[in-house]
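Student: Here is how the chains run, residue by residue.
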Amino acid sequence: MEDKKEGSKANIVMVTDGASIPDPREWRLINAWSIALAGAVCALCMLCVLWPEPYLRILLYLPDGVLITFKITLLAICCAVPLGLITGLGRISRNRCINLLASTYVEVIRGIPLLVQIFYIYYALSRFVQVSGITSAVVAISFCYGAYMGEVFRAGISAINKGQTEAARSLGFNRYQTMRLVVLPQAMRTILPPVGNECIAMLKDTSLVSIMAVPDIMQRARSFVGTTYLYFETYTMVALLYLIITLLLSKAVSIMESRLNYYDAK
Amino acid sequence: MLRHCTLALLALAIMCAPVHATEKYIAAADCYWPPMELLDENKQPAGYSPDFLKALAKAVGIEIEVRNVAWDGIFGGVATGQYDIVSSSVTITEERKKQFDFTDPYYEVVQAVLLPAGQHISSLKDLKGKKVGGQIATTGIFVVRKAEVGAELKEYDDVGLAIEDLLKGRIDAVICDDPVALYYVNKKADTAGKLNISFKTQEKESYGFVVKKGRKDLIEKLNKGIKLLQESGEERRIAEKWLGQAN
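If you're matching them up, the sequences are chains L and C in order.
Numbering of the first sequence is given in numbering that gives the first Met the number 0, commencing with residue 0 and proceeding in unit increments.
Numbering of the second sequence is given in numbering that gives the first Met the number 0, commencing with residue 0 and proceeding in unit increments.
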């Protein structure tokens with residue numbers, strides 16, 4: 000256990016493509032996150048106060064879309080995280096069959112754009128099963144992000160020092176107990192930021208579901224533009240709205256991360 | 000030195016010559032609105048409006064190139080000057096007139112409600128509680144929204160996707176311009192016979208070509224062309240070619 004600090008955290012560099020999670024140890028008041036948030040909130044308020052027509056009208060047109068976006072994101076997170084965990088465990092499994100199955104799933108899904116997956120599940124598979132727009136959105140996004148998260152879980156788990164497993168095994172834990180009680184709790188700390196990242200990326204990608212006539216933020220905006228032809232104004236509001244939501248979420252992930260790292264706080 | 004200057008001028012003249020020969024305009028059409036606008040086998044815009052524009056260009060001696068542009072955002076492009084004309088079965092409405100200039104009407108339609116074969120309604124009110132699909136930001140959607148009949152509107156990126164969902168049973172009805180509805184009912188192989196037009200609205204809508212506000216010169220040319228085509232009977236020939244069986 001002597002290499003706890005270096006082994007579990009410091010040696011691992013995780014690279015993901017999601018939003019950047021603010022560093023919980025960042026103490027300065029002015030940083031990229033606060034500038035972005037303050038800027039976005041100020042811009043939103045200013046536009047709405049100075050030009051209530053059309054900006055306030057646009058803002059009041061979007062809330063039901065925000066609800067749908069959140070609903071899809073939450074449902075997809077609930078499905079994608081367990082799916083990712085199972086896939087991650089499958090990827091490090093010594094059982095050849097399970098390993099191959101999980102690896103193939105990851106390879107296939109990662110090679111198909113999310114937009115194509117959504118079209119495929121909604122329009123192509125509807126020949127066999129018919130599901131509503133929201134259900135297919137959740138299924139498509141969960142499957143897609145389950146694969147990405149599987150890789151995150153695999154990386155996080157295999158980054159735990161082998162000594163941990165050996166120690167647990169020599170203390171008489173079986174393999175399941177070792178994974179559940181020793182490896183996973185430690186891995187969680189490294190896994191959480193990239194998983195949080197993926198969840199935020201997921202929220203942004205829900206904007207693709209508007210092609211299935213699901214009335215999310217993006218679809219509401221497009222429908223508004225369709226009647227008013229205010230392209231600049233509407234999409235400015237949509238961009239600010241998405242920005243504020245993702246910034247708040249990334250802060251939430253950052254706070255969770257610092258809570259989990261309570262014991263090795265510096 | 001003189002030789003260089005002459006050569007440069009000559010080169011300039013040659014390069015500029017084709018530009019001045021005929022005025023060239025670019026028109027945008029959303030080619031998923033058969034038979035008014037569609038893509039032929041060579042992925043080139045075809046249909047009633049592109050043919051109409053080609054004939055019009057010939058009649059007034061200008062050149063018009065039709066490009067396929069997605070409906071969602073097609074008005075943004077004409078406002079920012081990416082193309083000069085929108086020729087995409089755009090109904091002339093008061094809302095649109097505030098933002099853009101329209102030519103004289105060149106075609107008249109009404110809204111048609113498509114239902115699966117065998118089902119019927121007698122007015123828009125019968126759509127209460129039903130899921131009604133249509134292409135995003137088209138007049139069909141506006142008509143249902145304005146009627147406030149309590150239908151749930153589903154706005155698709157193109158009308159074909161809405162028809163696909165109607166056939167699958169995920170929505171109850173589709174509303175679109177009547178030539179398009181007729182095309183899906185009669186002509187398109189995989190939907191013919193599975194749909195029926197159960198209801199048509201009374202109010203006539205007129206298609207017009209859309210240009211950026213203030214482009215009087217272009218409006219004049221297009222209006223002149225529309226008039227010429229209507230007088231010469233060319234319009235009827237094009238209508239027969241694309242809508243003949245439908246009419």
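Rather than coming from a laboratory, the hints here were simulated on the basis of the structure.
Any given hint could turn out to be false.
What the hints assert, rightly or not - Capping the alpha-carbon separation at 25 Å, the derived lysine-lysine pairs in DSS-like fashion look like this:
{"no.": "1", "chain 1": "C", "residue 1": "K193", "chain 2": "C", "residue 2": "K124"}
{"no.": "2", "chain 1": "C", "residue 1": "K130", "chain 2": "L", "residue 2": "K70"}
{"no.": "3", "chain 1": "C", "residue 1": "K226", "chain 2": "C", "residue 2": "K203"}
{"no.": "4", "chain 1": "L", "residue 1": "K70", "chain 2": "C", "residue 2": "K226"}
{"no.": "5", "chain 1": "C", "residue 1": "K130", "chain 2": "C", "residue 2": "K193"}
{"no.": "6", "chain 1": "C", "residue 1": "K193", "chain 2": "C", "residue 2": "K129"}
Said to hold, decoys possible - Computed Cβ-Cβ distance ranges for the label pairs, DEER-style:
{"no.": "7", "chain 1": "C", "residue 1": "G149", "chain 2": "L", "residue 2": "V128", "range": "42 to 52 Å"}
{"no.": "8", "chain 1": "L", "residue 1": "A238", "chain 2": "C", "residue 2": "K97", "range": "22 to 32 Å"}
{"no.": "9", "chain 1": "L", "residue 1": "Q129", "chain 2": "C", "residue 2": "G75", "range": "27 to 37 Å"}
{"no.": "10", "chain 1": "L", "residue 1": "V128", "chain 2": "C", "residue 2": "Q118", "range": "16 to 26 Å"}
{"no.": "11", "chain 1": "C", "residue 1": "Q118", "chain 2": "L", "residue 2": "M45", "range": "50 to 60 Å"}
To be verified - Non-contacting residues of chain C with respect to chain L, defined by C-beta distances greater than 12 Å in every case (computed):
{"no.": "12", "residue": "N67"}
{"no.": "13", "residue": "G75"}
{"no.": "14", "residue": "T79"}
{"no.": "15", "residue": "K97"}
Every value quoted in this text rests on a predicted model; they were computed, and no experiment measured them.
Glycine included, C-beta positions come from ideal geometry on N, C-alpha and C.
Student: Each of the hints needs a verdict: does it hold here or not?
Tutor: Status of the hints after comparison with the structure:
1. C/K193 <-> C/K124: holds (23 Å)
2. C/K130 <-> L/K70: holds (21 Å)
3. C/K226 <-> C/K203: Status holds; Cα separation ~20 Å.
4. L/K70 <-> C/K226: At roughly 54 Å apart (the allowed maximum being 25 Å), C/K226 and L/K70 break the hint.
5. C/K130 <-> C/K193: holds (18 Å)
6. C/K193 <-> C/K129: It holds: about 19 Å lies between the C-alpha atoms, which stays within 25 Å.
7. C/G149 <-> L/V128: 42 to 52 Å: Violated: the Cβ-Cβ distance is about 29 Å, outside 42 to 52 Å.
8. L/A238 <-> C/K97: 22 to 32 Å: With a Cβ separation near 25 Å, L/A238 and C/K97 satisfy 22 to 32 Å, so the hint holds.
9. L/Q129 <-> C/G75: 27 to 37 Å: Given a distance of about 34 Å, which is inside 27 to 37 Å, the answer is holds.
10. L/V128 <-> C/Q118: 16 to 26 Å: Once the Cβ atoms are compared, 23 Å apart, the range 16 to 26 Å for C/Q118 and L/V128 holds.
11. C/Q118 <-> L/M45: 50 to 60 Å: holds (51 Å)
12. N67: holds (18 Å)
13. G75: violated (4 Å)
14. T79: It is violated; C/T79 is separated from chain L by about 9 Å at its closest Cβ, not greater than 12 Å.
15. K97: Answer for C/K97: violated, closest chain L Cβ roughly 8 Å.
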